[in-house]
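A.B. asks: Next come the chains, spelled out residue by residue.
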Amino acid sequence: MSENSLPLAGSIEAASSSGSAGTILEWLHEWVVTVDHKRLGILYIVYAIFFLLVAGAQAIAIRIQLAVPGNHFLSAQAYNRFFTMHGTTMVFLVGMPILFGFANYIVPLQVGARDMAFPRLNAFSFWLTAFGGLFLYYSFIGGGGLYGVGSAPDVGWWAYAPLTARAFSPGHATDYWALALILSGFGTLGTAINIIATVISMRCKGMTMMRLPLFSWLMLVVSGLTLVTITPLTAAQIMLVIDRYLGGHFFDTQAGGSAVVWMHFFWIFGHPEVYVLVLPAFGIANEVIPVFSRKAIFGYPAMVAASVGIAFISLSVWAHHMFTVGMTSFSNTFFVLSTMLVGIPTGIKIFNWLATIWGGKIRFATPMLFCTAFLFQFLLAGLTGIMLAVAPWNWQLHNSYFVVAHFHYVLVGAIVFCIFAAIYYWYPKATGRMLSEKLGKWHFWLFLIGFHVTFDTMHFLGILGMPRSIYTYQPDRGWNTLNMIVSLGGIIQAIAVLIFAFNLVWAYFRGKEAGNDPWDAWTLEWDTTSPPPSYNFAQEPIVRSRRPLWDVKHPEDPDWEYES
Amino acid sequence: MSTALAAPAAYEGEWRPPYRGRIAMFALITGESALFTIFVVAYLFYIGKSLSGPTPQQVLEVPIFGTICLLSSSLTIWLAERAIARNRLNAFAFWLGFTICLGLIFLGGTAIEWHKLIYRDGLTISTNLFGTTYYSLVGLHASHVIIGLTMLTILFLFTIAGRVGEQHAERIAVLALYWHFVDAVWVVVFTVVYILGR
Chain G
1 MSENSLPLAG SIEAASSSGS AGTILEWLHE WVVTVDHKRL GILYIVYAIF
51 FLLVAGAQAI AIRIQLAVPG NHFLSAQAYN RFFTMHGTTM VFLVGMPILF
101 GFANYIVPLQ VGARDMAFPR LNAFSFWLTA FGGLFLYYSF IGGGGLYGVG
151 SAPDVGWWAY APLTARAFSP GHATDYWALA LILSGFGTLG TAINIIATVI
201 SMRCKGMTMM RLPLFSWLML VVSGLTLVTI TPLTAAQIML VIDRYLGGHF
251 FDTQAGGSAV VWMHFFWIFG HPEVYVLVLP AFGIANEVIP VFSRKAIFGY
301 PAMVAASVGI AFISLSVWAH HMFTVGMTSF SNTFFVLSTM LVGIPTGIKI
351 FNWLATIWGG KIRFATPMLF CTAFLFQFLL AGLTGIMLAV APWNWQLHNS
401 YFVVAHFHYV LVGAIVFCIF AAIYYWYPKA TGRMLSEKLG KWHFWLFLIG
451 FHVTFDTMHF LGILGMPRSI YTYQPDRGWN TLNMIVSLGG IIQAIAVLIF
501 AFNLVWAYFR GKEAGNDPWD AWTLEWDTTS PPPSYNFAQE PIVRSRRPLW
551 DVKHPEDPDW EYES
Chain H
1001 MSTALAAPAA YEGEWRPPYR GRIAMFALIT GESALFTIFV VAYLFYIGKS
1051 LSGPTPQQVL EVPIFGTICL LSSSLTIWLA ERAIARNRLN AFAFWLGFTI
1101 CLGLIFLGGT AIEWHKLIYR DGLTISTNLF GTTYYSLVGL HASHVIIGLT
1151 MLTILFLFTI AGRVGEQHAE RIAVLALYWH FVDAVWVVVF TVVYILGR
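As you go down the protein sequences, you meet chains G and H in turn.
If you count the first sequence from 1, position 543 lands on 543 in the numbering used here, and the numbers rise without skipping.
Add 1000 to a position in the second sequence, counting from 1, and you land on the number used in the numbering used here.
Please note: incorrect hints may appear among the correct ones.
[Stated by the list, open to error] DEER-style ranges, computed between Cβ atoms:
(1) G/324 - H/1075: 49 to 57 Å
(2) G/64 - H/1143: 56 to 64 Å
(3) H/1195 - G/166: 33 to 41 Å
[Said to hold, decoys possible] Stretches of chain H that chain G covers, calculated by requiring three or more beta carbons in the stretch to come under 8 Å of a beta carbon on chain G:
(4) 1026-1035
(5) 1041-1050
(6) 1081-1089
(7) 1125-1134
If you're looking for bench data, these hints aren't it; they were derived computationally from the structure.
Note that the Cβ used here is the ideal one computed from N, Cα and C, for glycine as well.
Could you build all of it, start to finish, from the sequences and the hints given here?
C.D. replies: Next comes the structure, spelled out in structure tokens:
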């Protein structure tokens, strides 16, 4: 660590120690001006959980509309706005902020640093992201006002041209979409740069790259991937804004422009984005599974290599979203094969997790339950992914509910399950109190059942030919029962999430005291108090292996004797 | 508080992770490269696809002088970096000022070129696809030059005020890295716009 790498010591000290004394206004002021990575991490996570509830409510409204044929719960226009906002919110205002929130909170602790590499940039990035989200939601009341649902975007989260052209999307709905995401995109870029600099330059003594905890490794890979993923979207959105405001012709087919180019640019962002979301989930599983199996992770170097491999491969698979556009046979073949290639590193990961659990002394606490379900569900999501990667199969099922089922299996079955695992796992560290295990198990089982009722059934709807993005359907298509089942599953998931939300609030006041290390874990964040002091560690830690706390607890059998 | 981990036993061996500013700048450059790549790909894809004139062959003139100025500014900022690392403040101020002048000449050249294109040739961003892609790609680069010049000028003002010294060499090297990137991008933009597209 070179010269003054830390923010002004006094200001942070004062900000976090004054605590309960002072008015609500002062308390609020402290949170707004904070540059502490732990507070910013919590802000990210609270912000994301808020939008999770909002976008979840939108999903429920969508499912109520689709539960019975010919329904009029939502108008066609409102339905379009709701599914666009559901997708956009879940990806940009829930998925990325919550995962970057975990990174903010955990990575500096895991690498034994006092804060992120650039605390002020960190705060700036959060507020950019937050304003991006508020700006997007202002569309409900801004512009056309609250008639219908204001001027919320209604062009799908992929915003295909030429639907986004001025002629077909008058008013400001599409502008809200583009400008809000450009804004939050800059915030994401800042955070990604910050995480990379933190992991590489702020590691404590002895923390070599091959001793770095896997969650931090994965966040390094994700941040690198974010750099080359978010910027193409920003570029494409700048082009869209140029088209809409300055009369440009990028996606204007009447002037020689191309709508397919938008699709390419969007999916050059859109596919790696899936990995930006799922790799942190892998990182969470990498922390939780070993701790609750009481074994060191199996195949650490292979895990690192597989993560880097996934990041690289994910950059060359985007056009598997476009098999029905009419590409050349060569392009189709290339994207089929490159997509299949993703199966190899992900397979390595699944086998490594299984090998970690194998023969372990498993504790099925709530985090482990969620991670176990994640393993099965992610495997299934991968299998339907391989089905969809086969171009002829894709021609049959493209834009059907099979696709919706597949990506929700990844986004919910893998990512959301791991996010819940992470919250149960790290909540004691952040608040000093345990979440209720009893409520946690209710949450887990209800959510698991609801998830499978909804998304397993959705696959069949897709095979039966139900297209996505339709606001209603005729009663004679044979989709009635299945749609009702899907909607009921949604309600069960909603109940589970409400139990979870209640648990979060209840445990904050009434939860069991956690102590420093409630899970008997091995990485550095468990070496400090819960919640950690603003300076994190009283003395800079020195590590000699991948599991520094194991070495402390078992001086007769330390890890560094076995690691080369 | 921390347990036995923070045992005062000194760590054997050297522990010097890389400078965080440098890492961050490399990360920013990676992201910016992706941003430019999309604009460059769009430019290449749309070459010759305009449905109406004017075409690049009719109106574009190769900005050789501006290009020479911008590319030599990479050399002058490297000389400035070397000067500050050796604590030769006057040489540093001279080369930094030289760099800013070269950047300004380049920007002036772009301004003159755009003025000609808009007022003499009637090419604006909404005229045709060439106009759309040309102004957005060259404009994106020019905006990076402006950001770079702003930061260099701030640094220059601090230098004149006597607030810059040898201890800032590492940070100045990070800024210089950004400037080198802006120059390198121009090589790509120049090749695409004035050689391949003309």
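A.B. asks: Taking each numbered hint in turn, which are not upheld by the structure, reported in ascending numerical order?
C.D. replies: Hints 2 and 6 are the ones this structure does not satisfy, whereas the remaining hints hold.
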